[in-house]
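Q: The primary structure of each chain is shown beneath.
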Amino acid sequence: MTDQQLPSPTDAAPIVPDVPEKEPGESRWHLFVRELTTGSVAISILAVVLALLAGGVLIAVTNEEVQAAAGYFFSRPTDTLRAIWDSVAGAYSALFQGSVYNFRRPGFAAGIRPLTETLTFATPLIAAGLGVALAFRVGMFNIGGRGQMLVAAAAAGWVGFSLDLPWGIHLLVAVAAGIVVGGLWGGLAGLLKARTGAHEVITTIMLNYVAFYLLAFLLRTPVLQAPGSNNPKTPPMKETAVFPDLFGPGYNLHAGFLFAIAATVLVWWLLNRSSLGFQFRAVGENPHAARVAGINVKNVYVWAMLISGGLVGLAGTAQALGTIKTGFGSGIDAGIGFDAITVALLGRSRPWGVFAAGILFGAFKAGGFSMQAAEGIPVDIVLVVQSLIVLFIAAPPLVRSIFRLPTPGVGRPSRRREAVAK
Amino acid sequence: MTVAAVPAPEAVLEREAVRSWKVPIALGIFTAVALILFVLLGRDGESTFRLSTETDAFRLPDLTIPTRPGGILVTVLLAAITAFSVLRARSAQRTPLWLVALFGVLFVLGFLTWASAGAAVPMSGLLAGTLGLSVPLIFGALGGVIGERVGVVNVAIEGQLLAGAFASAVVASITQQPLVGLLGAMVAGVLVSFVLAAFSIKYIVDQVIVGVVLNVLVTGLTSFFFSIVLTPNAALLNSPPKFERIRIPFLADIPVLGPALFRQTIIVYVMYLAVPLVWYCLFKTRWGLRLRAVGEHPQAADTVGINVARTRFWNVSLAGAIAGFGGAYLTLGAVGAFNKEMTAGAGFIALAAVIFGRWDPIRATLAALLFGFAQNLQNVLSIIGAPVPSEFMLMLPYVVTIVAVAGLVGQVRAPAASGKPYIKS
Chain A
1 MTDQQLPSPT DAAPIVPDVP EKEPGESRWH LFVRELTTGS VAISILAVVL ALLAGGVLIA
61 VTNEEVQAAA GYFFSRPTDT LRAIWDSVAG AYSALFQGSV YNFRRPGFAA GIRPLTETLT
121 FATPLIAAGL GVALAFRVGM FNIGGRGQML VAAAAAGWVG FSLDLPWGIH LLVAVAAGIV
181 VGGLWGGLAG LLKARTGAHE VITTIMLNYV AFYLLAFLLR TPVLQAPGSN NPKTPPMKET
241 AVFPDLFGPG YNLHAGFLFA IAATVLVWWL LNRSSLGFQF RAVGENPHAA RVAGINVKNV
301 YVWAMLISGG LVGLAGTAQA LGTIKTGFGS GIDAGIGFDA ITVALLGRSR PWGVFAAGIL
361 FGAFKAGGFS MQAAEGIPVD IVLVVQSLIV LFIAAPPLVR SIFRLPTPGV GRPSRRREAV
421 AK
Chain B
1 MTVAAVPAPE AVLEREAVRS WKVPIALGIF TAVALILFVL LGRDGESTFR LSTETDAFRL
61 PDLTIPTRPG GILVTVLLAA ITAFSVLRAR SAQRTPLWLV ALFGVLFVLG FLTWASAGAA
121 VPMSGLLAGT LGLSVPLIFG ALGGVIGERV GVVNVAIEGQ LLAGAFASAV VASITQQPLV
181 GLLGAMVAGV LVSFVLAAFS IKYIVDQVIV GVVLNVLVTG LTSFFFSIVL TPNAALLNSP
241 PKFERIRIPF LADIPVLGPA LFRQTIIVYV MYLAVPLVWY CLFKTRWGLR LRAVGEHPQA
301 ADTVGINVAR TRFWNVSLAG AIAGFGGAYL TLGAVGAFNK EMTAGAGFIA LAAVIFGRWD
361 PIRATLAALL FGFAQNLQNV LSIIGAPVPS EFMLMLPYVV TIVAVAGLVG QVRAPAASGK
421 PYIKS
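Heads up: the protein sequence lines correspond to chains A and B, in order. Okay, so the first sequence: first residue is 1 according to our numbering, each after it adds one. Okay, so the second sequence: first residue is 1 according to our numbering, each after it adds one.
No lab work stands behind these hints: they were computed from the structure. As the structure is a computational prediction, the values presented were derived from the model and not from experiment. One thing to keep in mind: the hints can contain errors.
[Said to hold, decoys possible] Sample of chain B residues with no beta-carbon within 10 Å of chain A, all distances over it, derived:
(1) L112
(2) D206
(3) G220
(4) R247
(5) V270
(6) N379
[As the list claims (entries may be wrong)] From the derived model, a few chain A residues whose C-beta atoms are all more than 12 Å from chain B:
(7) L46
(8) A109
(9) L115
(10) T116
(11) R146
(12) K193
(13) V201
(14) V210
(15) K238
(16) F247
(17) I324
(18) A344
(19) Q386
(20) S387
[Stated by the list, open to error] Not the full set, but computed from the structure, chain A residues with beta-carbon under 8 Å of chain B:
(21) T203
(22) V390
(23) A394
Backbone N, C-alpha and C define an ideal beta-carbon position, used for all residues, glycine too.
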């Protein structure tokens, strides 16, 4: 049986590292300046700036005061400029105060609360993003985050509210249940791909629906439904099963974040230091070459989807046992399964990149809501900014031409170009 | 002493026989399901198929089938097809596609018979609902097929549909002309495609990344403008006139099929033309040959003088126009106003239909119809009432798709250069 690798979404992950080559004979300072202006850090920062600028244009154009002032722009242009400044600065300061530090609250403890909110939002995004990124590194596209989160939340939630176990053990059992069930759900898609060649894009999308209806059914039966209730909602989690608060009851940040950090370290170790991770990357680069080299490509598909599903399952678990402890319905995934794809792309499918991208998107989520509340700007603007960031970061030549930055390594074959072209 | 001459072993050339058991196994699973559902868990009573509505010119009487015998009959037929498939597989032959299709239709009929014990299934309603939900999927799938055939993975179908829906609603509301709205939808789809094409062809960004990100971008933009501009000015900007349904005089009187197929808006009639047209152009014209050459082997196409980048750019734009056109159906054909995230994942299902349909416009259309049927089942089951928890009935089509993809489609081969940028050296 031939193992036809589907080129479509599977060649997704840009894998070649973005380190500009060191040229011999260049002074340290020269190197530093070049790295600063052409390196991926500069591109990333400029991409964020560009995206925020574009978002600012949208905010200003739709602002009523700006529109009113633009009506007499030629008689008093300063009015328009001031209105634009007020609307955009107001929006972004609300975004900042909602996600990092709120200056209007007295004291550090109250002021820093938005940052903990950011990390709370970031927790499931990091975990699910790691899962999607891992699949990308093996050359697979896991769009099944929603389904994997739902079944994982169901499993973790069931353990969380129906079993009686001592403190500590209960939480670990519940988390393990979530990860295992999420992993099996993802592994099913991997198994189908390995055994029959069924494309994982189809199977994971279909499994999303199956998981959704399965959860909807269970929420109507005594298995998951809160006793004596007609709502399709689970009972609250037991005290012993929830993620403990990290900074006391005043903050929502829970120990799930520590699990997200641990997962990042684990994935980093797995991909970069373990033999399985080497096989993952080899298959992701070129499955034919990997098979010739003696790697069991089919097994790699199954393992990759198992682990990927398990990581997404951790995200579902964090939702069920940390963010929403009072019982959940079928909307527990909150679209994180799809957000995770963007997070993985922004993080370039590297563990720490995903970690940073998850925190950035968590900040946008936390700040977006407070921006909506304070300035009346729809939270959807956050989606625009997020997607533009990813788009700009993915196209360094575009950012460079906008800011007229030098192209790295002019005169010799550009490595970056190849990295993107992978 | 003589040594008995050992006859040299004769080389036997075996005929290469590839036995694929996937199809028989898949059919066997379905037959087992049918046996359990229709026979062992069979329901008593009578199933009625309402073939006509009151407004039909020729009215057919309702078709009434006793549920359990009907189920048994269907199961026997399914078992016969499965047995035939096993025989074919033993002699290393393939099961013909039409037989698999017949199997599918029989299974669906058996399922409807079983589900509707003691109730009546409105057949034209079932078909019309299926078609209605399939229209955006089919247009999206056509856009996806063209994109991938020319070598650009079009994950942005969702974004193109949504942009088309948004633009058609706004343009048609301002001009009060649904046809102009349709044009606006195509332009919006093309604009999304321009970004996809520019980033994937000029900047050589990974096409899946651009596609996914474009979906998010369009979702964000349309939701943002919907909340801040459309909702306060709904009368001016978000109340497009809907297309009138056009009744095709003679064809609309065909029993069962007529009302569903030929009392539709102009968008649906365009679809009837678009599907065969895309198929014909892809496989029978010079344009199609060039397009596929660029998607399969861009270097060879370049060698014979086809401009790969330009071919890709304009065909991806065309794909966007088609998908945007489908998006207009959501606002101008079905709902009558734009709503936040109104595509609700239709673009991703269209993507699945593209792969399920093996990058062929006709097969992709059939796959889209299957998904449309799956989504419409919810409405039908709410009418006839479901014998098992409705969630399982709703889940069934997606499970069927998984089994079908695993068993019947299996390893599919995408156009060879799909998703791969072409860098001229």
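Q: Does each hint fit the structure? Answer for all of them.
A: Comparing the hints with the structure gives:
1. Distance check on L112(B): its Cβ is at least 19 Å (rounded) from any Cβ of chain A, clearing the 10 Å threshold; non-interface status holds.
2. Non-interface call for D206(B) relative to chain A: violated, since the shortest CB-CB distance, roughly 6 Å, does not exceed 10 Å.
3. The beta carbon of G220(B) is not kept farther than 10 Å from every beta carbon of chain A, the shortest such distance being approximately 3 Å.
4. For R247(B), the shortest C-beta to C-beta distance to chain A comes to about 35 Å, beyond the 10 Å cut-off, and the non-interface label holds.
5. Distance check on V270(B): its Cβ is at least 27 Å (rounded) from any Cβ of chain A, clearing the 10 Å threshold; non-interface status holds.
6. Look at N379(B): its CB is around 15 Å from the nearest CB on chain A, clear of 10 Å, so calling it non-interface holds up.
7. Look at L46(A): its CB is around 15 Å from the nearest CB on chain B, clear of 12 Å, so calling it non-interface holds up.
8. Against the 12 Å criterion, A109(A) stays outside the reach of chain B, whose nearest CB is about 34 Å from its own CB.
9. Non-interface status of L115(A) relative to chain B is upheld: no Cβ of that chain comes within 12 Å, the nearest being about 24 Å off.
10. For T116(A), the shortest C-beta to C-beta distance to chain B comes to about 26 Å, beyond the 12 Å cut-off, and the non-interface label holds.
11. Listed as a non-interface residue, R146(A) fails to keep its Cβ farther than 12 Å from every Cβ of chain B; the least gap is roughly 9 Å.
12. Remark: the non-interface label on K193(A) conflicts with the geometry, its nearest Cβ contact in chain B lying 9 Å away (cut-off 12 Å).
13. The Cβ of V201(A) sits about 6 Å from the closest Cβ of chain B, inside the 12 Å cut-off, so the non-interface label is violated.
14. Under the 12 Å C-beta cut-off, the non-interface status given to V210(A) relative to chain B is violated; the minimum distance is some 5 Å.
15. The beta carbon of K238(A) sits about 27 Å from the closest Cβ of chain B, which is more than 12 Å, so the claim that it is off the interface holds.
16. Residue placement check: F247(A) keeps its beta carbon more than 12 Å from all beta carbons of chain B (closest about 32 Å).
17. Every CB of chain B lies more than 12 Å from the CB of I324(A), the least distance being 22 Å, so the non-interface label holds.
18. Residue-level check failed: A344(A) sits 10 Å from the nearest beta carbon of chain B, not beyond 12 Å.
19. Against the 12 Å criterion, Q386(A) falls within the reach of chain B, whose nearest CB is about 7 Å from its own CB.
20. Its closest Cβ contact with chain B, about 4 Å, brings S387(A) to no more than 12 Å, contrary to its assignment away from the interface.
21. The restraint placing T203(A) at the interface with chain B holds, with a minimum CB-CB distance near 6 Å, inside the 8 Å limit.
22. A cut of 8 Å between beta carbons decides the hint on V390(A): the least distance to chain B is about 5 Å, and the hint holds.
23. Contact between A394(A) and chain B, as hinted, is supported at the beta carbon level, the nearest pair being about 4 Å apart and thus within 8 Å.
Hint check: violations occur at hints 2, 3, 11, 12, 13, 14, 18, 19, 20; the rest are consistent with the structure.
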